[in-house]
Amino acid sequence: QQPVQSPQAVILREGEDAVINCSSSKALYSVHWYRQKHGEAPVFLMILLKGGEQKGHDKISASFNEKKQQSSLYLTASQLSYSGTYFCGTTPPDKLIFGTGTRLQVFP
Amino acid sequence: GAVVSQHPSRVICKSGTSVKIECRSLDFQATTMFWYRQFPKQSLMLMATSNEGSKATYEQGVEKDKFLINHASLTLSTLTVTSAHPEDSSFYICSARETGGNIQYFGAGTRLSVL
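Line by line, the protein sequences give chains A and B.
With our numbering, the residue at position 13 of the first sequence is 13, and numbering never jumps.
Here our numbering runs 1000 ahead of the position in the second sequence, where the first position is 1.
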């Protein structure tokens, strides 16, 4: 079953922060986060393999709550280049099922 | 590293014809490759999992006789859309997972338009 993401869409001004949530009804073995720009392939952002794990690079980080079957992606001090659709991907296991997606638009 | 090449990037065909899409991992070996389909403004939906040297595993609702998948080597998987119809028009994306790895790397996608 497809993970549900919230919110469906976010509009930000440059420099603002955002949080994207991913929730699954099934047990998660890992959580992947991708960003896709219109008409392009998804680009890998990060993977969280263990419950309680947190990761980040630049100003994008994520957390994984295995017990709650949830993950969150945190974008701080957003830049114009952050615009796109963000997908979480969950492995139930051994194949990647994408979430419903969150469209993020950053304006100057 | 971790480059996946998908070809062609765009194809337009007549209804009833077949179309083959290639997916290659250029700098790593991939025992497992995946095929997704994406309709406008929607998420990527997994169609099938392709394992080198064995039959593909199709997701529920995906017609295996219509979407033929072959994974003949550790670096190449192909998807053939047979007897394509306008409703098959979509964005098809492949991904490859390095043998023993966790991350899936995606090709650039193929936009199929069936007239």
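Incorrect hints may have been included.
Here are the computed lysine-lysine pairs in the DSSO-like style, where the Cα-Cα straight-line distance is at most 27 Å [said to hold, decoys possible]:
#: 1; chain 1: B; residue 1: 1066; chain 2: A; residue 2: 95
#: 2; chain 1: B; residue 1: 1020; chain 2: B; residue 2: 1041
#: 3; chain 1: A; residue 1: 50; chain 2: A; residue 2: 68
#: 4; chain 1: B; residue 1: 1014; chain 2: B; residue 2: 1064
#: 5; chain 1: B; residue 1: 1020; chain 2: B; residue 2: 1066
#: 6; chain 1: B; residue 1: 1020; chain 2: B; residue 2: 1064
#: 7; chain 1: A; residue 1: 95; chain 2: A; residue 2: 26
#: 8; chain 1: A; residue 1: 95; chain 2: B; residue 2: 1041
#: 9; chain 1: B; residue 1: 1041; chain 2: B; residue 2: 1014
#: 10; chain 1: B; residue 1: 1014; chain 2: B; residue 2: 1066
#: 11; chain 1: A; residue 1: 59; chain 2: A; residue 2: 37
#: 12; chain 1: A; residue 1: 95; chain 2: B; residue 2: 1055
#: 13; chain 1: A; residue 1: 37; chain 2: B; residue 2: 1020
#: 14; chain 1: A; residue 1: 68; chain 2: A; residue 2: 95
#: 15; chain 1: A; residue 1: 37; chain 2: B; residue 2: 1055
#: 16; chain 1: A; residue 1: 95; chain 2: B; residue 2: 1014
#: 17; chain 1: A; residue 1: 95; chain 2: A; residue 2: 37
#: 18; chain 1: B; residue 1: 1064; chain 2: A; residue 2: 95
#: 19; chain 1: A; residue 1: 37; chain 2: A; residue 2: 67
#: 20; chain 1: B; residue 1: 1041; chain 2: B; residue 2: 1055
#: 21; chain 1: B; residue 1: 1020; chain 2: B; residue 2: 1055
#: 22; chain 1: A; residue 1: 95; chain 2: A; residue 2: 50
#: 23; chain 1: B; residue 1: 1014; chain 2: A; residue 2: 26
#: 24; chain 1: A; residue 1: 50; chain 2: A; residue 2: 67
Hint data in this document are derived by calculation from the structure and do not stem from the laboratory.
Non-conforming hints, listed in increasing numerical order: Violated: hints 15, 16, 19, 20, 23.
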